[in-house]
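Engineer: What follows is each chain in one-letter form.
Number of protein chains: 2
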Amino acid sequence: MNYILGTAGSGKSTLTGELKNYIINRNPETSVITLNLDPGVKSIPYVPDIDIRDFIILDEVMEKYSLGPNGGMILASDLMVNYLDDLKDEIDEYNPDWVIIDTAGQLELFAFRETGPLIASALGFSDTQRAVNFLFDSNFVLRPNGFISTLLLAASVQFRFRNISQLNILSKVDLIDEDQIEMVINWSQDFHALAESTNDREKGLIRELSMLISEVFVQMGSTSELIPISTREEKGLDILFGHLQRIFDSDESKFY
Amino acid sequence: MNYILGTAGSGKSTLTGELKNYIINRNPETSVITLNLDPGVKSIPYVPDIDIRDFIILDEVMEKYSLGPNGGMILASDLMVNYLDDLKDEIDEYNPDWVIIDTAGQLELFAFRETGPLIASALGFSDTQRAVNFLFDSNFVLRPNGFISTLLLAASVQFRFRNISQLNILSKVDLIDEDQIEMVINWSQDFHALAESTNDREKGLIRELSMLISEVFVQMGSTSELIPISTREEKGLDILFGHLQRIFDSDESKFY
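Taken in sequence, the protein lines are chains D and W.
So the first sequence is numbered by the numbering used here: it starts at 1 and just counts up by one.
So the second sequence is numbered by the numbering used here: it starts at 257 and just counts up by one.
Hints may be right or wrong, so weigh each one.
Here are the computed lysine-lysine pairs in the DSS-like style, where the Cα-Cα straight-line distance is at most 27 Å [what the hints assert, rightly or not]: (1) D:64 x W:320; (2) W:298 x W:320; (3) D:64 x W:298; (4) W:320 x D:42; (5) W:298 x D:42; (6) D:42 x D:88; (7) W:344 x W:298; (8) D:64 x D:42.
It is worth saying that the hints were derived from the structure and are not from the lab.
Predicted model only: the values in this text are computed from it and were never measured.
Using the sequences provided together with the hints, build the complete structure.
Structural biologist: Dropping the structure here:
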């Protein structure tokens with residue numbers, strides 16, 4: 001089971017669909033299903049095999065409880081836990097090798113309420129291998145401070161789902177140029193490089209902070225190394241797939 | 257100018273209204289205005305003096321661009337930057353001592369897109385004193401891992417608005433009991449206590465992490481000490497006000 005997480009607009013749905021295609025193209029005998037966990041999404045760039053909207057639709061929650069979009073999203077997201085058994089039954093019927101899970105549009109609804117960790121622990125069996133893919137939005141990480149705050153956000157998510165291996169992805173790299181991609185990836189691998197990319201006034205602070213955050217990732221046993229991905233240019237999916245396989249192969253369980 | 261930030265449902269709007277009342281009750285001659293920056297909110301527990309909904313309404317954005325609530329919220333939030341001059345003009349007309357700013361319902365729309373930092377730097381004059389109040393939702397910080405991930409989220413926000421002093425608030429403490437409040441406050445003051453509150457398996461990890469995060473806060477020059485607040489029981493507003501005054505008095509500028 002592979003959970004796709006990231007802030008609103010970071011490219012979760014697109015990656016979900018493209019990753020399924022990638023895996024099936026690679027080996028047509030692999031059974032891959034997608035699961036949409038966003039009760040409020042209107043159009044999705046893939047056809048989800050299982051869909052929370054069969055059970056909860058944001059518009060109906062808003063109408064039934066007379067809520068605006070924000071309150072409705074909170075409640076709809078909290079209500080999802082009532083349908084865990086149904087979702088699990090549907091997954092069991094497919095008996096797939098892979099389940100790719102596209103989470104709610106707003107990161108905080110999934111990651112910072114009780115819902116997300118609860119779903120992650122309830123779905124699947126005890127021997128199910130799981131991973132979290134956290135998307136760094138290319139638009140917001142080109143400056144050191146945007147990069148560091150996203151890194152802290154990634155650490156926060158990692159800690160929230162800390163029993164699950166996390167891969168950090170630099171998403172939508174077709175929006176930035178090769179030099180910029182290289183710069184950001186370099187920051188993620190070498191925190192000294194990050195410190196050097198900023199001006200003198202902030203150097204000390206950013207150096208200190210980036211060292212501390214890299215320690216956080218080291219302590220959690222995860223790598224902060226970013227995997228650059230562009231679904232538009234079909235770039236990076238092979239690297240992501242390789243990393244996922246390593247996570248899922250790290251014990252003897254089946255992939256999902 | 258005091259920005260109220262926190263995840264969806266953490267109590268931003270309630271605090272905004274109550275803080276205004278508190279300041280006015282304390283000194284009726286103080287001029288305090290509230291500014292609502294959530295284009296999607298339906299009902300607010302106070303009457304905002306300035307309202308982004310005079311310029312952008314989420315429903316209209318959704319309809320005009322055929323978007324669902326999630327896409328609509330993203331676009332509406334990004335569109336806000338077009339009305340900065342209007343908002344600034346309105347503030348100037350009031351010429352207030354305090355501006356309390358209630359931000360978008362979803363934290364990530366304000367904090368992790370370009371909008372929030374852009375608004376924070378554009379509103380007000382160069383000598384305007386500013387503070388960020390980040391709300392820790394009492395419901396989600398009772399367990400060490402929930403507390404730590406919220407702490408990382410707070411650090412991420414602090415870094416996003418790093419030129420602005422940040423106060424961290426334990427919100428809605430009427431929902432938890434006195435012992436629990438004391439425990440969480442204790443965690444925020446003494447990271448050893450946090451490490452001791454968890455089980456043996458996680459002790460090492462949580463101790464390491466909590467030390468690292470406390471270092472992050474120390475480096476950023478902010479305190480991670482939580483201020484417990486219950487607007488329902490009118491608790492803690494005096495402490496918050498004292499902290500805010502210290503921030504705003506730290507140089508010779510006017511409060512807002």
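Engineer: Is it true that the CA of residue 320 of chain W sits at most 27 Å from the CA of residue 42 of chain D?
Structural biologist: holds (15 Å)
Engineer: Straight-line Cα separation of residue 298 of chain W and residue 42 of chain D no greater than 27 Å?
Structural biologist: holds (21 Å)
Engineer: Measure nothing beyond the straight line between the CA atoms of residue 64 of chain D and residue 320 of chain W; if it is 27 Å or shorter, mark the hint as holding.
Structural biologist: Holds. Residue 64 of chain D to residue 320 of chain W sits at ~24 Å (cutoff 27 Å).
Engineer: Quickly compare the C-alpha distance for residue 344 of chain W and residue 298 of chain W to 27 Å and report which way the hint goes.
Structural biologist: holds (23 Å)
Engineer: Is the Cα-Cα distance between residue 298 of chain W and residue 320 of chain W 27 Å or less?
Structural biologist: Judged against 27 Å, a Cα distance of about 19 Å means the pair holds.
Engineer: Would you check the hint for residue 64 of chain D and residue 298 of chain W, treating anything up to 27 Å between C-alpha atoms as holding?
Structural biologist: holds (15 Å)
Engineer: Holds or violated: residue 42 of chain D with residue 88 of chain D, Cα cutoff 27 Å?
Structural biologist: holds (23 Å)
Engineer: Between residue 64 of chain D and residue 42 of chain D, does the CA-CA distance stay at or below 27 Å?
Structural biologist: Satisfied, since the Cα-Cα distance of roughly 19 Å is no more than 27 Å.
The structure agrees with every numbered hint stated previously.
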